[in-house]
Amino acid sequence: MMKFRFRRQGADPQREKLKQELFAFNKTVEHGFPNQPSALAFDPELRIMAIGTRSGAVKIYGAPGVEFTGLHRDAATVTQMHFLPGQGRLLTLLDDSSLHLWEIVHHNGCAHLEEALSFQLPSRLGFDGASVPPSLTRVTVVLLVAAGDIAALGTEGSSVFFLDVTTLTLLEGQTLTPGEVLCSVPDDYRCGKALGPVESLQGHLRDPTKILIGYSRGLLVIWNQVSQCADHVFLGNQQLESLCWGRDSSTVVSSHSDGSYAVWSVDTGSSLTLQPTVATTPYGPFPCKAINKILWRNCESGGHFIIFSGGMPRASYGDRHCVSVLRAETLVTLDFTSRIIDFFTVHSMRPEDEFDDPQALAVLLEEELVVLDLQTPGWPAVPAPYLAPLHSSAITCSAHVANVPAKLWARIVSAGEQQSPQPVSSALSWPITGGRNLAQEPLQRGLLLTGHEDGTVRFWDASGVALRPLYKLSTAGLFQTDCEHADSLAQAAEDDWPPFRKVGCFDPYSDDPRLGVQKVALCKYTAQMVVAGTAGQVLVLELSDVPAEQAVSVAIVDLLQDREGFTWKGHERLSPRTGLLPWPAGFQPRVLVQCLPPAAVTAVTLHTEWSLVAFGTSHGFGLFDYQRKSPVLARCTLHPNDSLAMEGPLSRVKSLKKSLRQSFRRIRKSRVSGKKRAANASSKLQEANAQLAEQACPHDVEMTPVQRRIEPRSADDSLSGVVRCLYFADTFLRDGAHHGPTMWAGTNSGSVFAYALEVPAAAVGGEKRPEQAVEAVLGKEVQLMHRAPVVAIAVLDGRGRPLPEPYEASRDLAQAPDMQGGHAVLIASEEQFKVFTLPKVSAKTKFKLTAHEGCRVRKVALATFASVACEDYAETCLACLTNLGDVHVFSVPGLRPQVHYSCIRKEDISGIASCIFTRHGQGFYLISPSEFERFSLSARNITEPLCSLDINWPRDATQARLHESPKLSQANGTPSILLAPQSLDGSPDLAHSKGSDTPEPPEAALSPMSIDSATSADTTLDTIGDVTVEDVKDFLGSSEESEKNLRNLAEDEARGCAILIK
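Each residue of the sequence shown is one higher than the last, beginning at 158 in this note's numbering.
No lab work stands behind these hints, which were simulated from the structure alone.
Please read all numbers here as calculations on a predicted model, not as lab measurements.
Watch out, some of these pointers could steer you wrong.
[As the list claims (entries may be wrong)] DSSO-like mimics (lysine-lysine), calculated; alpha carbons at most 27 Å apart, straight line:
1. K991 / K176
2. K176 / K1005
3. K176 / K1001
4. K1005 / K991
5. K176 / K1003
6. K659 / K629
7. K367 / K450
8. K629 / K564
9. K1003 / K991
10. K350 / K446
11. K786 / K1003
12. K350 / K367
13. K659 / K450
14. K659 / K446
15. K937 / K1005
16. K937 / K1001
17. K174 / K1003
18. K937 / K991
19. K1001 / K991
20. K925 / K564
21. K350 / K450
22. K937 / K1003
23. K997 / K937
All chains, full assembly: derive it from the sequences and hints.
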């Protein structure tokens, strides 16, 4: 039988125009803390800070919302960074000794951080004509002198080169060699060992013609560039680590490798100083580690600050990461949990000021940034409005809540402020305040929830560019763990010497891996939420504005239903505390539901209007009435061969033999099926088909592409009983005349269970329903043909729109669903999307994604896309992320492909697993353990940096260096052009209809619309909650699969308008 199957007519120009008004892909901003930071700089005039990373990224931060990002062409580590004060220019040094000059430029309506110049120090020739080893010309330290016009470069070979910063060219004839310096030292010192590398260069605070040079051997020299001679020499013999000037330039402070520091006096009347005036080892007398950096700051109120890193006793505390702050008799040893990269003080830099008077100390660590208030007694930490470490404990899951009501937002903020109250005497706010945020206030508040390995859920303000921490919920207090013992040990060690003080919130160690949060759900209208964990614990919590002391009721739900032959071999459940427990203001637990076996919860959903929570694990799913605190339903989804599901994620007894056996079975099956295919079809038949196609097909009609053959999955695959999704809906299940509450569950084996619920109706005007039992009856059971895992389920009303959330329709917060027309249910599996009519559950439309595109679905969400041309027009579409990292958008309920974009590298398994979509066409995914990349699929709803920075340097030099062609920067495998968004008439539209009436200051520079990921090129996550075996299989077979896809694509093009014959 011959079937001539044609696709729809060619592309509709009107529809294509509408697509451009609805959809646009942009990677807009990176939230969180830069991954693997390696350098730090601060501009005291502009009050902006720069952070460089090991991957070559450069990130500049000012006031909240002011951000600029750049990426070096070579993925080399940024070792040093120096601002040209007040100019918005930055000089960076990489570990390959190359120098790069960055500028914040404004060109054709677009401003961004751009690399203007680069420089590589040439190698010199030795006496015999041979080239000097590159290590001798390796740059070790950089100093900007003469108001930033000249840079001094200290090298490994003891030489100091001078560079014209404006052109990055070497100044010939000004190189300072070690021989010239040795002429100024006594003969007995000269005959000793070599000077060693230049360890430190410091500019004279009052005379720009003088430079303080420190060599590794310990020699300190004040060099006069005008007279080309040494003004003063300090004969130190201890290996040097760092140098610092006193404010009045009459003292020099040096730190050394033996954990000591020394104070040298410049005004001694002699050009030669043999001994320092003060030399001390703060944590002696036993051997200590090196003091890597030291700062000396004086105060008008008397005394001075000495701030240094390192110097700890080698034997006792050599593994600690500490910064010591000493003033008069007060010493505080700041104890951090990650390695110290660099630090600086925010203090007065005006030449007319006599004192430093430091206001704040900023310490950049490998995993976080900590700022301390030095003006307040006790030196408390200053809360950071951005750059908070998302990974203070490893992220295991995340969720986004859009359009949060103002009342709930205020209550969450208030609960967060009570968690970390600021001292009344503290008057210091965030000190990095450079630039101005020109973006308008967001029209709606967005909340990002992250679940963590230590059992905490953190709430973040995701409304704008700066991801601000709001509140932290901890669930560990409900369970008995070992944390009390650790706390008592910490308290006992407080009185010991050194006087340690724990600072920072990065704590990667979990008291118990079973505390890990796997799923979270929040109802924004009732302030109730569900937190589900690794050991089968499901917590129902409610927001309270006041602390309380109350007991938490515990209910146990057995999902195996006494099924024989199954023995749980995994971890035990957590032991809950009994009796009255104190709870701070915030979300307080009401009910604990414990699943048995205590496997990790894989799906959860909450319906506050019905007071029901549904949860699923690898063994089945349950329904719980948290108003009556009683279980309603428990269903086991295990297949008889699902022994792997009984071993748990923390078990080490998984059957490798079974895994290998199944792999070989699949290979054998695919080979057998491949031989049976009609690969040797008759060439005459193909020619006849081609002729028929040419005669019968109009030129403007496209043929359906040849579909890939998809092998059905075996019913006895391991973990087939895993519950992947749960869903509540008020729809038609029993008949077409009566609608009511329903619950839907989808499993890993392609099974869908639909239950009709009998929920007592609430009284008119009442919030709570009567205290009657809820009943559940199985209404439908659907088995997908290919047994592909069910990723998502959604019911569509008579207009084809998704049903509103609980309380949205009853409180007139959303349009009521159409209950007159026929409803439909959208079931998204890993291989296809399918719409079934209700209540008959007959197939209506479908799209076979795996057959057409050769990929599998990983994440799915229904999102509303608003038009940029018409404010009143919007479409609800289905957004999906595939295992290849591509994002596809489909119309609903027609399931017609609209657009698709390459978003994440297919090798980035953890990034794909961590991706979430928002309700308005945006998304987040982890590009490193500490950073979320934010992207937008909507042409209208874009969250991007829009800021200005006042700079005071001539732009003529910049205009001459501007490139005519747009610059491309590689981000996560996807090139993106750093240009401002264009309006409909082609002109740059900087405000995106959000700030178009904001006047642009004449010396303002606007940040880029699209910022590519600078850290995702070579980063993978350590842990993430949803990485599955299928993800790893996709990654291992990605190259082979891509080759197959290319071959299939070539065959499709070769066939042209082939006709399918069945």
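Consistency of the hints with the structure:
Simply put, K991 and K176 have alpha-carbon atoms about 23 Å apart, close enough for the 27 Å limit, and the pair holds. Between the alpha carbons of K176 and K1005 the distance comes to roughly 22 Å, so the proposed pair stays at or under 27 Å and holds. A threshold of 27 Å between alpha carbons decides the hint, and for K176 with K1001 the separation of about 25 Å falls inside it, so the pair holds. Among the hinted pairs, K1005 with K991 is consistent with the structure: their alpha-carbon atoms are about 8 Å apart, no more than 27 Å.
For the hint linking K176 to K1003, the alpha-carbon distance of about 21 Å falls within 27 Å, and the restraint holds. Restraint check for K659 and K629: the C-alpha separation of about 19 Å stays at or below 27 Å, so the hint holds. A threshold of 27 Å between alpha carbons decides the hint, and for K367 with K450 the separation of about 21 Å falls inside it, so the pair holds. With a C-alpha separation of about 18 Å, the suggested pairing of K629 with K564 holds against the 27 Å cut-off.
Under the criterion of a C-alpha separation no larger than 27 Å, the hint pairing K1003 with K991 is consistent with the structure, at around 4 Å. Of the supplied pair hints, the one linking K350 and K446 holds, its CA atoms being roughly 23 Å apart against a limit of 27 Å. Under the criterion of a C-alpha separation no larger than 27 Å, the hint pairing K786 with K1003 is inconsistent with the structure, at around 40 Å. Taking the CA atoms of K350 and K367, the gap is near 26 Å; set against the 27 Å cutoff, the hint holds.
Restraint check for K659 and K450: satisfied, since their Cα atoms lie roughly 20 Å apart, inside the 27 Å limit. The hinted pair formed by K659 and K446 meets the criterion: a straight-line CA distance of about 20 Å does not exceed 27 Å. Restraint check: the Cα-Cα separation between K937 and K1005 comes to about 23 Å, which is no more than 27 Å; the hinted pair holds. With a CA separation close to 17 Å, the supplied pair K937 and K1001 stays within the 27 Å bound.
The hinted pair formed by K174 and K1003 meets the criterion: a straight-line CA distance of about 25 Å does not exceed 27 Å. Taken as a hint, the K937 and K991 pair is honoured in the structure, with Cα atoms around 16 Å apart against an allowance of 27 Å. In summary, the hint linking K1001 to K991 is supported, as the alpha carbons are separated by about 7 Å, within the 27 Å threshold. For the hint linking K925 to K564, the alpha-carbon distance of about 20 Å falls within 27 Å, and the restraint holds.
Our distance criterion of 27 Å between C-alpha atoms is met by K350 and K450, whose separation comes to about 24 Å. Our distance criterion of 27 Å between C-alpha atoms is met by K937 and K1003, whose separation comes to about 20 Å. Proximity of K997 to K937 is assessed by CA-CA distance (about 9 Å); at most 27 Å being required, the pair is judged to hold.
When held up to the earlier numbered hints, the structure conflicts with hint 11 and nothing else.
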